Amino acid sequence: MLSKLSLIKSQNTFKTKIPFLNKLWKPADLLESEALAKEIRDCVLKIVKRREEKVVNGKGDSFGDD
Numbered sequence: 051m052l053s054k055l056s057l058i059k060s061q062n063t064f065k066t067k068i069p070f071l072n073k074l075w076k077p078a079d080l081l082e083s084e085a086l087a088k089e090i091r092d093c094v095l096k097i098v099k100r101r102e103e104k105v106v107n108g109k110g111d112s113f114g115d116d
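Sequential numbering from 51 applies to the sequence shown in our numbering.
Incorrect hints may have been included.
[As the list claims (entries may be wrong)] DEER-style ranges, computed between Cβ atoms:
(1) Leu71 - Val98: 22 to 30 Å
(2) Ser53 - Ala78: 13 to 21 Å
(3) Thr63 - Ala85: 14 to 22 Å
(4) Lys65 - Asp92: 23 to 31 Å
(5) Trp75 - Lys96: 49 to 57 Å
(6) Lys99 - Ser60: 18 to 26 Å
(7) Leu57 - Leu95: 17 to 25 Å
(8) Lys109 - Lys76: 42 to 50 Å
[Unchecked claim] Distance condition first, Cα-Cα at most 27 Å in a straight line; then the derived BS3-like pairs of lysine-lysine:
(9) Lys73 - Lys54
(10) Lys96 - Lys109
(11) Lys76 - Lys88
(12) Lys54 - Lys76
It is worth saying that the hints were derived from the structure and are not from the lab.
Predicted, not measured: the structure shown is a model, and the values here were computed from it.
Just so it is clear, CB atoms sit at the ideal spot from N, CA and C, and this is done for glycine as well.
Produce the complete structure using the sequences and hints provided.
Below, the structure is given as structure tokens:
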């Protein structure tokens with residue numbers, strides 16, 4: 051996911067952007083990068099919740115254990 055997101059970022063680095071056009075029409079790269087960012091965020095939240103559940107249930111001694 052991160053490699054795909056960085057690839058999109060590198061492709062769009064030198065593209066010219068027209069102000070306020072993104073509010074009316076979003077390019078496919080922008081939509082794809084937003085979806086990838088949401089997936090990454092969801093994965094991180096899932097990991098955090100799993101760690102919290104382990105600590106609450108007493109299976110983990112601290113938040114540093116995986």
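Hints versus structure:
For the pair Leu71 and Val98, the beta carbons lie near 36 Å from each other, so the given range of 22 to 30 Å is not met. Between Ser53 and Ala78 the CB atoms are about 18 Å apart, so this pair conforms to the stated range of 13 to 21 Å. Between Thr63 and Ala85 the C-beta distance comes to about 20 Å, which sits within the given range of 14 to 22 Å. For the pair Lys65 and Asp92, the beta carbons lie near 28 Å from each other, so the given range of 23 to 31 Å is met.
Between Trp75 and Lys96 the beta carbons are some 33 Å apart, a value that contradicts the proposed interval 49 to 57 Å. About 32 Å separates the C-beta atoms of Lys99 and Ser60, a value inconsistent with the hinted range of 18 to 26 Å. As the Cβ distance of Leu57 to Leu95 is approximately 24 Å, the hint placing it in 17 to 25 Å holds. In this structure, Lys109 and Lys76 meet the distance hint of 42 to 50 Å, their C-beta atoms being roughly 43 Å apart.
Between Lys73 and Lys54 the CA atoms are separated by roughly 24 Å; this keeps the pair inside 27 Å, and the hint holds. Between Lys96 and Lys109 the alpha-carbon distance is near 17 Å, which keeps this suggested pair within the 27 Å criterion. Among the hinted pairs, Lys76 with Lys88 is consistent with the structure: their alpha-carbon atoms are about 17 Å apart, no more than 27 Å. Our distance criterion of 27 Å between C-alpha atoms is met by Lys54 and Lys76, whose separation comes to about 19 Å.
In terms of the numbered hints stated before, the structure departs from hints 1, 5 and 6, listed from lowest to highest.
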